[in-house]
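Protein sequences appear in the order of chains A and B.
My numbering puts the first residue of the first sequence at 1, with every later residue one more than the last.
My numbering puts the first residue of the second sequence at 1001, with every later residue one more than the last.
Rather than coming from a laboratory, the hints here were simulated on the basis of the structure.
A quick note: this is a predicted structure, and the numbers were derived from the prediction, not measured.
Each hint should be verified, as a subset may be incorrect.
Cross-link-like lysine-lysine pairs, in silico, DSSO-like; alpha carbons within 27 Å at most [stated by the list, open to error]:
#1 A:Lys234 - B:Lys1234
#2 A:Lys276 - A:Lys234
#3 A:Lys276 - B:Lys1078
#4 B:Lys1234 - A:Lys78
#5 A:Lys234 - A:Lys21
2 protein chains.
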Amino acid sequence: MTTASTLEDYSRLCVHTITTKAWSIEEAMDRYVAAGIGGITVWQDALKQRKASLIGEQLRARDLSIVSLCRGGFFPAKSAQERQQSINDNRRSIELAAELGAPSVVLVCGAVPGQSLDTSRQQISEGIAAILPDAEAAGIRLSIEPLHPMYADDRSAINSMAQANQLCDQFDHPLLGIAVDVYHLWWDDQLEQQIQIAAKKQRLFAFHICDWMTPTTDLLNDRGLMGEGCIPVKTIRNYMETNGFNGFNEVEIFSNRWWQANPEHFLQQIQQSYLKHS
Amino acid sequence: MTTASTLEDYSRLCVHTITTKAWSIEEAMDRYVAAGIGGITVWQDALKQRKASLIGEQLRARDLSIVSLCRGGFFPAKSAQERQQSINDNRRSIELAAELGAPSVVLVCGAVPGQSLDTSRQQISEGIAAILPDAEAAGIRLSIEPLHPMYADDRSAINSMAQANQLCDQFDHPLLGIAVDVYHLWWDDQLEQQIQIAAKKQRLFAFHICDWMTPTTDLLNDRGLMGEGCIPVKTIRNYMETNGFNGFNEVEIFSNRWWQANPEHFLQQIQQSYLKHS
């Protein structure tokens, strides 16, 4: 097996707007460009009270690659009416991605506490079936992001690469693929094998990086910088790249600790940790 | 498939001493017996400054079944010296179980942050190989407890029934089996199938119950009473019992919230929730 490339610059570094959420998207884009960062993934909240097409123009004018729009999904719900509302919301997300000029929408698939995971998976499948024609019409890719099992209660019933691959198998559609996030998947002994399967089927759409802190003090917002925790980020990037992935390495860090720091300092730390530990 | 029995009394209810940790073991045993509870699983801290054989006599005098001693394990470590220390500690746990009259020791297998999970699994296997002769000599069963993937950083590199079955396969020893805890395993789509495999090989040694709260505010100590959360406890008990398990249903709840309540009230709530939601 060959090994992944050494990262020597920031051309394949992408930062999620939520990572530096203290900054408006206008400030974030200028800061990222000034730092030599190649890509940005835009969270929907960053577009509030803005025209997505205009933000897209501003990003392209700065040669900042728009990697994804985050995030759609959350298909399961108790009532048919709520599920239809979710489908409508996802259609709007696809339109928004098209307006922005983002090639893909990341899907956090959803789950309902107390509803069986099998039922939620069925509803996720139905939701994706409903929006795939919209994705086709807009030419937007949908990236299923499997979430860590600790989010199986209310965030996603898709908790492994194997389940994401099974879901993709139901459609076998070139616009439906997978966003691999090391935070959610590092513990899985099937990860390398399932990345190989996804690669063969042209489904490796995105790669998210951060780290797992010991101890983790908050289930949502205590992620670490690469190198601060126990995730073998380089090893997993190696799985991706030796299987043909050559897209961006997207830094997606939710951290109350880092969000309290000066965002400029945080971005510098991201860049250092990116070269050293990713 | 037949369905599991309806629970109509507390004869198969077992409470872990840590669940009611405000009580000394002497108080706990009297409270459990007065409540009609059939079993107790003893945590090592409850035996501090006590003679285990004497506690065992007191439990037997009250007809309280001693289900397990919690807990051994934690085999992985960076240095050979630390790993040997862990083996020594586990040998002492086996002796303690024998003194107490507990038929089994629960193993939380361990992990080292930053060490690969494969390496930790190898060290776990070596640790078990080292202590199995001691377990044989004492006639004590060892119950591997797979832990939720959110504990893969520093508590256990065994995070699914499939991995626990693989570990047992390495030894195929009648004294090595599995403790199934719904909190750790409820999300796994292979759970029923892997319980069947374990049952065929006579490995279903223990069954722990509680619930998963939404939201969960603490990774360690925010477990719920059965029925407070989203785990299908009855469904999983059904998997166990239709595959031949007829042991105790052990309530193991770590909860800062419940530990602040009056322990007598907490025990009553456990009993109600046991009949209604287990």
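Evaluated hints:
{"no.": "1", "hint": "A:Lys234 - B:Lys1234", "in the structure": "violated, 42 Å"}
{"no.": "2", "hint": "A:Lys276 - A:Lys234", "in the structure": "holds, 10 Å"}
{"no.": "3", "hint": "A:Lys276 - B:Lys1078", "in the structure": "holds, 23 Å"}
{"no.": "4", "hint": "B:Lys1234 - A:Lys78", "in the structure": "holds, 21 Å"}
{"no.": "5", "hint": "A:Lys234 - A:Lys21", "in the structure": "holds, 26 Å"}
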